[in-house]
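Sequences listed follow chains A and B, in order. The letter at position 313 of the first sequence is residue 313 when you use the working numbering, and the numbering goes up by one with no holes. The letter at position 75 of the second sequence is residue 1075 when you use the working numbering, and the numbering goes up by one with no holes.
It should be emphasised that the hints constitute simulated quantities derived from the structure, not laboratory data. Heads up, a few of these hints could be off.
Pairs of lysine-lysine residues, derived as DSSO-like cross-links and limited to a Cα-Cα distance of at most 30 Å, are as follows [as the list claims (entries may be wrong)]:
no. : chain 1 : residue 1 : chain 2 : residue 2
1   : A       : 212       : B       : 1104
2   : A       : 167       : B       : 1192
3   : B       : 1104      : A       : 68
4   : B       : 1214      : A       : 156
Quick list of the computed label-pair ranges, beta carbon to beta carbon [said to hold, decoys possible]:
no. : chain 1 : residue 1 : chain 2 : residue 2 : range
5   : B       : 1214      : A       : 147       : 36 to 42 Å
6   : A       : 144       : B       : 1079      : 53 to 59 Å
7   : A       : 118       : B       : 1158      : 19 to 25 Å
If you want the footprint, here are the derived chain A segments under chain B, 3+ residues with CB under 8 Å [said to hold, decoys possible]:
no. : region
8   : 162 to 169
9   : 179 to 185
10  : 330 to 343
From the three backbone atoms N, C-alpha and C, an ideal C-beta is built for every residue, glycine too.
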Amino acid sequence: MRMLPVLTRLAWRYLWRNHRRTIIMVSAISVGVWSMIFMTALSRGMVDQVIEDGVSALPGHVQVHNPKFLDDPSVVNRIPIGDAELSRAFSSTDFKAWASRVRVPAVIASEYESRGVTLLGIDPVAEREFGYLSYDDVEGRFLEDADDNGIVIGRKLADKLETRVGKRVVLMSQDPDNEIADRGFRIVGLFDAEVPAFEEGNVFIGKRTAQKMLHIGDTTTEIVFLGDNYRDIEPTYDKVLASIDGSLDVSRWSEVATYLGSMLTVMDGFVLIFMVVIFLALSFGLVNTLVMAVFERVREIGLMLALGMKPSNILGQIIIESMLLLLVGLVIGNLLAVATIHPLRGGIDISVVAEGMEMMGAASVLYPRLYVSDMILANVIVLFLGFLASLSPAWRASRYEPVEAITKVG
Amino acid sequence: MNKRFVLPVLLLVLPCMAAGEERDATDIVRDAVDHWRGLSSYTEMTMVIHRPDWERSMTMRAWTKGQDQSLVRVVEPKKDRGNGTLTDDDSMWTFSPKVNRVIKIPSSMMGQSWMGSDFSNKDVARADDIIDQYDHTILGRESIDGIVVYEIESVPHEDAAVVWGKEVLKIRDDHVVVEHAFYDQDGELVKKLVSLDIGEMGGRTIAKRQRMGKIDKPEEWTEIGVIEVEYEIELKDSLFTLSNLRNPRD
Chain A
1 MRMLPVLTRL
11 AWRYLWRNHR
21 RTIIMVSAIS
31 VGVWSMIFMT
41 ALSRGMVDQV
51 IEDGVSALPG
61 HVQVHNPKFL
71 DDPSVVNRIP
81 IGDAELSRAF
91 SSTDFKAWAS
101 RVRVPAVIAS
111 EYESRGVTLL
121 GIDPVAEREF
131 GYLSYDDVEG
141 RFLEDADDNG
151 IVIGRKLADK
161 LETRVGKRVV
171 LMSQDPDNEI
181 ADRGFRIVGL
191 FDAEVPAFEE
201 GNVFIGKRTA
211 QKMLHIGDTT
221 TEIVFLGDNY
231 RDIEPTYDKV
241 LASIDGSLDV
251 SRWSEVATYL
261 GSMLTVMDGF
271 VLIFMVVIFL
281 ALSFGLVNTL
291 VMAVFERVRE
301 IGLMLALGMK
311 PSNILGQIII
321 ESMLLLLVGL
331 VIGNLLAVAT
341 IHPLRGGIDI
351 SVVAEGMEMM
361 GAASVLYPRL
371 YVSDMILANV
381 IVLFLGFLAS
391 LSPAWRASRY
401 EPVEAITKVG
Chain B
1001 MNKRFVLPVL
1011 LLVLPCMAAG
1021 EERDATDIVR
1031 DAVDHWRGLS
1041 SYTEMTMVIH
1051 RPDWERSMTM
1061 RAWTKGQDQS
1071 LVRVVEPKKD
1081 RGNGTLTDDD
1091 SMWTFSPKVN
1101 RVIKIPSSMM
1111 GQSWMGSDFS
1121 NKDVARADDI
1131 IDQYDHTILG
1141 RESIDGIVVY
1151 EIESVPHEDA
1161 AVVWGKEVLK
1171 IRDDHVVVEH
1181 AFYDQDGELV
1191 KKLVSLDIGE
1201 MGGRTIAKRQ
1211 RMGKIDKPEE
1221 WTEIGVIEVE
1231 YEIELKDSLF
1241 TLSNLRNPRD
């Protein structure tokens, strides 16, 4: 350990003796690290957006349903507990936000067209917190309370139906006896959503109006709860589980939307694999550089050994050399990544390929997301695997026979 | 008249007058619906569906009883024979011998075409919605060939499950509907049911031939012609059952 400063100095000087080779290697590492971080941030941004949009479109981080509802979402499989009783049950708990709502498939019809949609009977006051819609950005107005007689639909849906604010549409669904339940509604507002499917597929009416229309008293089909963050919902989940009737189905959003849930897990794995693959490509260059550096200095190393330097110090010196190389590359790479991601935080317009992204449920603006954890992961991977890669040339250098090495013609 | 009495009397009379006006229009519509359907009826009719590049024709038998029950069964052509539609209250079922299944028409299909025609399932199942889900006002009356024809504007109630902005009916004094026009909410005419031939049949004056067509597609229409009709006949309740829809016992 005493030798460390000396070795580091030696290693540093060796690096810059052949500065052209070092610069090439450093830039290779920088570009590699930059691409690891930058590409990860891009794909994180994309996936996060899909997930967040998906979660907010569900919406609700923890949801309670009748166990049969997820397989057959009809009012027959509603929650047998009325709203009055729910309010009593949850009044003593401190959820960030909760709401009960009616969510059933329905058909919306105008004079010219009809479409299948998801009917959401909501209490707009209770659901404001969920934030899947900005009430103020609605053209016209959003629902005012649970007794509102109006309907709010997406702009794309309105275009398809050839209707607009102020006109009437008919909503048809089924009541618990499988009889037709229908009613006319006047469109009071049009909303825009990032994800076209959300805009086309959902219509909002007052909760009590929906209950009246479907003849279900004050019952609903789902109760939703908001956690602090969609990645951290366990505390909310446990609290809901504790305070609700055991016969009901309590699920996390990742269970309701298994596609989104698995996407999150897959993404974490993908990031790791992606980084390792990039490093593997890099490591060939690194090993090659180190092997070259050792070959070049066979006589020198022999001389140092002959003068009494311990083989372990030779080993250490080569490894330190490789670590310095990597560190310089990492610093530049990280700075480069931050410098390129930062100006793009406002989003990258990818509307050229918007149609393809729509199919994935993504919006047409991509916001790169730089996670500190991803950055650390990239650095750790590079340093750790770089260390492993430099072991072999370093080992070889330390095993030279001094006499042979000095006399080697090279 | 004593001044003190004028106001109360006015208050009494005014609503009556208003109500009287409204009742009139509603009555005319109700009478027209009742007249066309009767307390019970049996009809044999043809339905011609016309499109720019093809046309097909079907012969059907229909039974109705009261306001709610009806049964329609296809007789010709042979490949469609046995196809039937039963309505009871607001529900509707169809039966097709080819698949040997009775299907209840779900709400999602109520807006769709009935047997491929220009009528929707809703037009067939919910024909008498016109009476109580609308506000009717008389727009005017004119005399055509010595028969008074009322023009009635029917505006659906705010929460009625009707997509139209308004419907305008022309109903003759003898309860025959001459024309039934459907307007969208901008006041644009969308489709129209016109009686092409009015005459005596089954002891009543009825529309013998009616054509339903969309205004923006004049080449597409459906025409219903009555071949034979009987009114006020005895019909068993068992006629309007699912088992009869499936296995006709004529």
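### Query
Keeping to a limit of 30 Å between CA atoms, is the pair of residue 1104 of chain B and residue 68 of chain A held or broken?
Between residue 1104 of chain B and residue 68 of chain A the Cα gap is close to 22 Å, so the pair holds against 30 Å.
### Query
Per the coverage rule (Cβ-Cβ under 8 Å, at least three residues), is the region 162 to 169 of chain A covered by chain B?
holds (count 4)
### Message
Please check whether the region 330 to 343 of chain A has three or more residues whose CB lies within less than 8 Å of a CB on chain B.
### Response
violated (count 0)
### Message
Just to be careful, I want the Cα atoms of residue 212 of chain A and residue 1104 of chain B compared with a cutoff of 30 Å; is the pair within it?
### Response
Given that 30 Å is the threshold and the Cα spacing comes to 23 Å, the pair holds.
### Task
Determine whether the Cβ-Cβ distance between residue 118 of chain A and residue 1158 of chain B falls within the hinted range of 19 to 25 Å.
holds (24 Å)
### Message
Holds or violated: the 53 to 59 Å window for the beta-carbon distance between residue 144 of chain A and residue 1079 of chain B?
### Response
Holds: the Cβ-Cβ distance is about 55 Å, inside 53 to 59 Å.
### Message
Next pair to validate is residue 1214 of chain B with residue 156 of chain A; report whether the Cα-Cα distance is within 30 Å.
### Response
Distance ~25 Å between residue 1214 of chain B and residue 156 of chain A Cα, so the pair holds.
### Query
Three or more residues of the region 179 to 185 of chain A near chain B by CB distance under 8 Å?
holds (count 7)
### Query
Keeping to a limit of 30 Å between CA atoms, is the pair of residue 167 of chain A and residue 1192 of chain B held or broken?
holds (21 Å)
### Query
Taking 36 to 42 Å as the hint, is the beta-carbon distance of residue 1214 of chain B and residue 147 of chain A inside that range?
holds (37 Å)
Consistency note: the structure conflicts with earlier hint 10 alone.
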